[in-house]
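Mind docking chain F on chain V? Use the hints.
Chains as they are written, first to last, in this note's numbering: chain V, 1 to 317; chain F, 1 to 317.
For the record, the hints were derived by calculation from the structure and aren't laboratory data. Errors might be hidden in some of the hints.
Pairs count within a copy or across copies, as identical chains cannot be separated in the list.
Claimed, not checked - Capping the alpha-carbon separation at 25 angstroms, the derived lysine to any residue pairs in SDA-like fashion look like this:
#1 Lys18 / Ala132
#2 Lys235 / Thr248
#3 Lys32 / Gly220
#4 Lys134 / Ala256
2 protein chains.
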Amino acid sequence: MKCRKCGRKAVINMRQHKLALCAQDFLTWFVKQTERTIHRDALFEQGSNVLVAVSGGKDSLALWHVLQQLGYPCNGLYIGLGIDDGSAYSDRSRACAQQFADQHGMNLKVVDVAASHGATIPEAAQVTRRGAGKPCSVCGLTRRYLMNRAALEGGYDVLVTGHNLDDEAATLMGNTMNWLVGYLESQAPLLPEKPGFVRKAKPFHRFYERETAAYALLRGIDYIQEECPYSADAKSIYYKKVLNQIETDRPGAKQAFYLSFLQARDQIQFTGSGERGPLPDARCSTCGQPTRGGRQCAFCSTWQNVRARNKPLEPGR
Amino acid sequence: MKCRKCGRKAVINMRQHKLALCAQDFLTWFVKQTERTIHRDALFEQGSNVLVAVSGGKDSLALWHVLQQLGYPCNGLYIGLGIDDGSAYSDRSRACAQQFADQHGMNLKVVDVAASHGATIPEAAQVTRRGAGKPCSVCGLTRRYLMNRAALEGGYDVLVTGHNLDDEAATLMGNTMNWLVGYLESQAPLLPEKPGFVRKAKPFHRFYERETAAYALLRGIDYIQEECPYSADAKSIYYKKVLNQIETDRPGAKQAFYLSFLQARDQIQFTGSGERGPLPDARCSTCGQPTRGGRQCAFCSTWQNVRARNKPLEPGR
Chain V
1 MKCRKCGRKA VINMRQHKLA LCAQDFLTWF VKQTERTIHR DALFEQGSNV
51 LVAVSGGKDS LALWHVLQQL GYPCNGLYIG LGIDDGSAYS DRSRACAQQF
101 ADQHGMNLKV VDVAASHGAT IPEAAQVTRR GAGKPCSVCG LTRRYLMNRA
151 ALEGGYDVLV TGHNLDDEAA TLMGNTMNWL VGYLESQAPL LPEKPGFVRK
201 AKPFHRFYER ETAAYALLRG IDYIQEECPY SADAKSIYYK KVLNQIETDR
251 PGAKQAFYLS FLQARDQIQF TGSGERGPLP DARCSTCGQP TRGGRQCAFC
301 STWQNVRARN KPLEPGR
Chain F
1 MKCRKCGRKA VINMRQHKLA LCAQDFLTWF VKQTERTIHR DALFEQGSNV
51 LVAVSGGKDS LALWHVLQQL GYPCNGLYIG LGIDDGSAYS DRSRACAQQF
101 ADQHGMNLKV VDVAASHGAT IPEAAQVTRR GAGKPCSVCG LTRRYLMNRA
151 ALEGGYDVLV TGHNLDDEAA TLMGNTMNWL VGYLESQAPL LPEKPGFVRK
201 AKPFHRFYER ETAAYALLRG IDYIQEECPY SADAKSIYYK KVLNQIETDR
251 PGAKQAFYLS FLQARDQIQF TGSGERGPLP DARCSTCGQP TRGGRQCAFC
301 STWQNVRARN KPLEPGR
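Same shape as in the complex, but just chain V (with noise of 0.2 angstroms):
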């Protein structure tokens, strides 16, 4: 198979787009494609000031790059979960992080839970009725508030994270095989800024996974391969299996499900659906965001709950 642009061997080859690209014009169209969606979903202007939300995977690592590359002034924020489970998950999370920041001259600003907010995600699940006990529900929570917060205090025009296609697609079958109106309703690659919350954008919600890994492994970023030890049996992946498969039948599916949701988005309204609706005036008695609940946001109720009835951390920690 040939380079569709120059006739060298290509390395990838894009059905979805019938497309066959060397490693260059592989690498030179995904940073257009990625410009292209920017402006297309109007994601934000140019010039914006962007933070990353960086994970240390391939996706978060390869957006920061890209969105250098495209001359928009973006900072990296990296949020410690303290997820260690024998393999040490978010210490060398955050080395991949910290040395792609180190080695492309990028500011990387790291905000750890354990230090800021007196336990890790694993001690704070065990303590929550939240998730019944597994860390993927307040992580969530911890994840949203804290990056949301940093972009608020940091200034930033708007807060970008690395979701592929692949991810928005397992997110929205998830969403279809409970019709989650709420959920559904606020699936977007775009959320407006609105009081008390930053700008979000996916500038990747377009890109297949297999599209972002490339750019990684072609761009030689040494980013964290596996997953979460959480996530095994999170209920994503296993929606990416499902869709990987009918995929695999059914070569375009997986594309044409998600952005045919996103084109039916204009023709559905959803009414009445509880879960979101405009915020109310509250504001929490805490930290001061809106929120829908009581006197407290459910992040400050939640941590609180945390630091009450979490044991004692060891001193020096």
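Frame of chain V, contents of chain F only:
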């Protein structure tokens, strides 16, 4: 495993209902559940004059049997499609339907497409551009039209079909994988009567396929077991397989997918779908049925085309 009602040996365990039953109690339960669905979903009223669309398969024959037991005046309608393909599929399915009617003293109306419209479904598929030579598109159009017309002409209150939860979930998955908003909007266990269209209902839409199969089996109903020979690569069969795999991995997922959709319909408004929407005042110049198309409805224009292009019928056909 013992029958929850009488303690005898159970023949079926319905995990989603946490209910194991013996043959006798299952048959009683199945009939009562059908009645409950008819009332709960307001499908039709007691004493309604019902036309049952009968294919000769387990679902439609079981439905006909149950409705008669429930005291509804109901006749059957069989559409002869002329599908042979070496397996005499249409002849054998018609024989099953006729034998059932004769055994139970019920009245089966037969409409033979070739006799009344000049070509079998496979012949029609070859000469129209609908469905790219595959008969499923022209078959669906023809069956829907003829069933509706027979119900209207016969003065029936409602036309019922044997679609079960597996059928509906597979259709839903097909509609969802491409977010076909018009089809999502019109997928419902009840389509109310409107000018030119009889009320349509699916009394088995809450039963798993294995439950309707168990009813037919335990009642000794002789039905055609194989699928239509043209349906082998049909989307709905593919999505049934996918959903069965998901159901195996996550018991209850199939039912949750379909039933949560029915609930979500109340929270979703489908707008600007284009494909569906209120019918215009225009009527088909040939048959008088309301139509969205030009002068003729899709059925009349398709079959006019078929008769014009099909090779002359052999004498005596």
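Quick rundown of the hints versus the structure:
no.	hint	in the structure
1	Lys18 / Ala132	between (45 angstroms within a copy, 23 angstroms between copies)
2	Lys235 / Thr248	both (20 angstroms within a copy, 15 angstroms between copies)
3	Lys32 / Gly220	within (19 angstroms within a copy, 65 angstroms between copies)
4	Lys134 / Ala256	between (33 angstroms within a copy, 23 angstroms between copies)
When each numbered hint is compared with the structure, no violation occurs for any of them.
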